[in-house]
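K.L.:
If you want the building blocks of each chain, they are given just below.
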Amino acid sequence: MSSSDHAHHHAPGPGEPTLAHHFDTQDQQNQAVRLGMWLFLGTEVLLFAGLFLGYTVYRNFYHEAFHEASRHLSLFLGTTNTIVLITSSLTVALALWAVQQGKNKLAAALLVFTILCAFGFLGIKSLEYAEKFREGALPGKWYHFSEITAPGANLYYTIYFLMTGLHAFHVIVGMCVLIWVLKGVVKGRFSPKNDVAVELGALYWHLVDLVWIFLFPLLYLI
Amino acid sequence: MSQPVNSAEPAEPARATVNYLNHDRGVWSWLTTIDHKRIGIMYLVSVLLAFLIGGIFAMAVRIELLTPDPTIMGANTYNRMFTLHGVVMIFLFMIPAIPGVFGNFMLPLMLGAKDVAFPKLNLLSIYLYWTGAILAVSGMIMGGADTGWTFYAPYSTSTPETLFPVLLGVFILGFSSIVTGLNFIVTIHTLRAPGMGWMRLPLFVWGIYATSIIQVLATPVIGLTVGLFDATRGGDPVLFQHMFWFYSHPAVYIMVLPSMAVVSEAIAAFSRKNIFGYKMIAYSSLGIAFVGFFAWGHHMFVSGQSTFENGAFAVISMFVGVFTAIKVFNWVGTLYRGSIVVSTPLIYICGFLFFIVFGGMTGIAVATVSLDVHWHDTYFVVAHFHFIMVGAVIMAFLIALHYWFPKMFGRMYHEGWGMVAAGFIVLGFNATFIPQFLLGNAGMPRRYYMYPERFQALNVASTAGASLLAIGFVIILIYLTFALVRGKRAVDNPWDSRGYEWLSASPPPKHNFAEQPIITQDAHSYQNPGEEVEHVVI
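Protein sequences, first through last, are from chains Z and C.
What the first sequence shows, in the numbering used here, is residues 1 to 222, in sequence order.
What the second sequence shows, in the numbering used here, is residues 1 to 538, in sequence order.
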């Protein structure tokens, strides 16, 4: 073990990874952070799982209302947002590839594009929200939308706002993560030798994308 | 060993070594620490405070039930008291108690690691705990939550009291629990000392591993589903029960598995014998964690489930009994023909074995659908889960507190007073909860404020028992506080235990070990009693 002891006091140069005091080797640290991230993504999926269960049960109870309420969402805006998010998932994956190739400038450009996509997604989403606020198609006791006669539409909009709201919150967190990654890429902290943080940031963004891929058909296409 | 061994000198030896407690001083150095040991100590202080608060509310409930009529409080206050008692004890004490305190402190030491995998996340977990605790407790006191800790709809969606801060608090506490569990899983996977394969993990680590899996998989699900259960808007209260118990039943094992883990660890040390059936104890922890996910419906036998569902959940629930019985068999097998050291932890171990068997057997009884219809929502159920949650969990917490006290603080507690307190607690516990089985079987419902006069004698007995319990805890508080300041200096390994955590100094230095330990033998190896620990090169 003495061979690794020197690593603890060795200050990393630009583009080299930092080894935390309690790890012996870089490999051990990478293995730990990767496992940690995958577990965290698992908990994120489960966080949404409760809402998916609620959706399943209530759609079964109030089939008519869910179907009708779904028609009141803008299919055009929803589809556009889906394309925006999937594109951003591609560019963040390409950004990781660029970092691994040592092309930090290209990676920075791809990350900036990804972050712009995230802004675009939130912009389009807020247009949709504004429309729902205007109509009064709101969750819980704030609901006063009159166009749907079947019982249970209230629950559809409660679930709609809970799920898309939670997802939008993840988009915002994901943007912060990507901005942090972008900073490291621009400063040259990330390099082919030090790409794990970029990989994990990209993974988180893929999760945000993946959740939406399930939300879109369940909310818009029924 | 490169650590200086504090030999058992009669006089106070000057503490030359710098350890995790004194290398840095001041409140700020604690609040910003990323040392797993200091975070464990902060958890210890926090959960003890929570236990005190929850205990006071429990006593208030017991005193109120001394007489059939109102005794010291009104009906609404009574509802708030049992709600406060339940929420504080479950979310603030029992779920974080053993993982937060002893998991944090011992896990890296047992693995031969310098810290947990994510030390900063670990610090975050205690801040989340504090935030959630303050929100939940202040929310309950100011908002007057009166739903019981289960927050059942439709009452919780129609009560005039404000529940939002309490639910937000519990939600944040959930994150604290998830973060701790995630951290432990990664630590166990990646930071084991050289030579420590999975079958050489100390059994405490196995128990914590199984617990962490539940924390990570069950806790997120209940997350953000508030607002879906309002029956006046078409919400389904039974769906709430399903989702609540999908988390809260596995949560029972978040509380119980660490207790079993503590016992597996301490029972080998105090019978001076290799643990009997190591693999079966390890696997049965995973078994409990697994079937624990599919047993939630046994809380809902009278909530309109189909007969088939009831039967299925009943059978699955009984599997928990099978895995628990495997453990009990192995623990007793470990004691059998061991060189038993009679000491405070051993008394609690014996108490634990009795309570887990009694609580487990009554668990099988209430998992039987036809019997549960009679006992549902009566004091029988209250007595059953207190046998597990107080009988097993508190006993294990006390075992851990006494067994690891010298490790954590480098001091010894007074053995005589320890035994006296253990006597009060084991007897007081029986006196508190055995009458409750009888009350429940006679038909007294839980959470009722007044009762017919024929139930009074047993209620008085139960309150008297609770007072004995309280006296026991006060004695413990006094002698442990005294031991902390004036107790005899402990040697590095006062129990001559073969647990890996005892291989560093007591209390340990900041980074745990002077050099990386290398493991060359199995855990809990007492093959040659009396010999110095030699199987680990330090």
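Be aware that one or more of the hints could be misleading.
Derived DSSO-like pairs: lysine-lysine, alpha-carbon spacing no greater than 27 Å straight-line [as the list claims (entries may be wrong)]:
id, chain 1, residue 1, chain 2, residue 2
1, Z, LYS105, Z, LYS193
2, C, LYS120, Z, LYS183
3, C, LYS120, Z, LYS187
4, Z, LYS125, Z, LYS141
5, Z, LYS183, Z, LYS103
6, Z, LYS187, Z, LYS103
7, Z, LYS193, C, LYS510
8, Z, LYS105, Z, LYS183
9, C, LYS120, C, LYS510
Derived from the structure by calculation, the hints contain no laboratory data.
K.L.:
Run every hint past the structure and note whether it holds.
P.N.:
Outcome of the hint check:
{"no.": "1", "hint": "Z/LYS105 - Z/LYS193", "in the structure": "16 Å, holds"}
{"no.": "2", "hint": "C/LYS120 - Z/LYS183", "in the structure": "21 Å, holds"}
{"no.": "3", "hint": "C/LYS120 - Z/LYS187", "in the structure": "24 Å, holds"}
{"no.": "4", "hint": "Z/LYS125 - Z/LYS141", "in the structure": "22 Å, holds"}
{"no.": "5", "hint": "Z/LYS183 - Z/LYS103", "in the structure": "15 Å, holds"}
{"no.": "6", "hint": "Z/LYS187 - Z/LYS103", "in the structure": "13 Å, holds"}
{"no.": "7", "hint": "Z/LYS193 - C/LYS510", "in the structure": "31 Å, violated"}
{"no.": "8", "hint": "Z/LYS105 - Z/LYS183", "in the structure": "12 Å, holds"}
{"no.": "9", "hint": "C/LYS120 - C/LYS510", "in the structure": "16 Å, holds"}
The structure does not agree with numbered hint 7 stated previously, though it agrees with all others.
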